[in-house]
Amino acid sequence: MAPRSFRLSPSCILVVSMGDITQWKGDAIVNAANQRMLGGGGVDGAIHRAAGQALRRACEAVPPVDGTAIRCPTGEARITGGFLLPAKHVIHTVGPIYKTKAESRPLLKAAYDNSLALALEHGLSSIAFPAISCGVFGYPLLDAAVVAVDACQRVASSSPKSIQAIEFVLFSPDVVQAWLTAISKARLQEIRHNDDL
Numbered sequence: 021m022a023p024r025s026f027r028l029s030p031s032c033i034l035v036v037s038m039g040d041i042t043q044w045k046g047d048a049i050v051n052a053a054n055q056r057m058l059g060g061g062g063v064d065g066a067i068h069r070a071a072g073q074a075l076r077r078a079c080e081a082v083p084p085v086d087g088t089a090i091r092c093p094t095g096e097a098r099i100t101g102g103f104l105l106p107a108k109h110v111i112h113t114v115g116p117i118y119k120t121k122a123e124s125r126p127l128l129k130a131a132y133d134n135s136l137a138l139a140l141e142h143g144l145s146s147i148a149f150p151a152i153s154c155g156v157f158g159y160p161l162l163d164a165a166v167v168a169v170d171a172c173q174r175v176a177s178s179s180p181k182s183i184q185a186i187e188f189v190l191f192s193p194d195v196v197q198a199w200l201t202a203i204s205k206a207r208l209q210e211i212r213h214n215d216d217l
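127 is the number that our numbering gives to position 107 of the sequence shown; each next residue is one higher, with no gaps.
The calculated lysine-lysine pairs, modelled on BS3-like cross-linking and capped at a C-alpha distance of 30 Å, are: (1) 119 x 205; (2) 205 x 45; (3) 108 x 45; (4) 121 x 205; (5) 129 x 205; (6) 129 x 119; (7) 129 x 108; (8) 129 x 45.
Cβ pair distances, simulated, as ranges: (9) 77 x 201: 33 to 43 Å; (10) 204 x 121: 17 to 27 Å; (11) 212 x 84: 44 to 54 Å; (12) 81 x 120: 30 to 40 Å; (13) 179 x 60: 28 to 38 Å; (14) 31 x 108: 14 to 24 Å; (15) 108 x 27: 21 to 31 Å; (16) 39 x 210: 18 to 28 Å; (17) 156 x 84: 21 to 31 Å; (18) 210 x 85: 35 to 45 Å; (19) 30 x 90: 31 to 41 Å.
Derived from the structure by calculation, the hints contain no laboratory data. Think of the CB as a built atom: it goes at the ideal place given N, C-alpha and C, for glycine as much as any other residue.
Kindly produce the complete structure, drawing on both the sequences and the hints.
Below, the structure is given as structure tokens:
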């Protein structure tokens with residue numbers, strides 16, 4: 021599918037595409053990591069394979085929390101270089117394993133919010149997300165999409181001069197459809213090809 025673009029603010033667009041996030045070129049891709057940050061299945065494993073061993077070494081250098089093996093608690097985010105990836109940085113965040121909406125939604129919101137906050141803190145102008153927690157962690161697609169789009173709207177309205185493009189690089193048509201439905205509910209204006217970006 022061709023990427024579709026929507027206006028979040030006068031200076032920030034949201035893009036939805038289907039593809040391989042490890043091929044995305046820009047300031048940072050977000051890795052749906054595990055708490056140890058040492059690679060795993062799904063997008064996490066794909067990012068680690070594409071970035072090379074230097075990414076694993078950078079993740080191993082992130083100090084564990086309170087003497088545990090946990091480097092990134094659920095809902096938090098950490099940043100490393102992109103190494104062999106086209107993206108300059110990787111922002112690692114840990115989404116929740118879905119249990120109930122009341123328990124899981126604040127953690128998913130925190131994962132998006134903290135990833136975007138790190139991007140702002142590092143002066144990044146473009147960032148690409150996967151569908152955090154929507155694979156083996158079992159988060160319902162539409163609810164996850166609503167949380168994701170809401171986080172993007174908040175950062176675009178509160179930080180008008182920083183992030184210029186937020187892209188969701190998604191892995192299947194049903195995930196893309198969930199994101200487009202959430203965008204429609206948020207009433208974001210689509211940018212047509214002949215419109216000004």
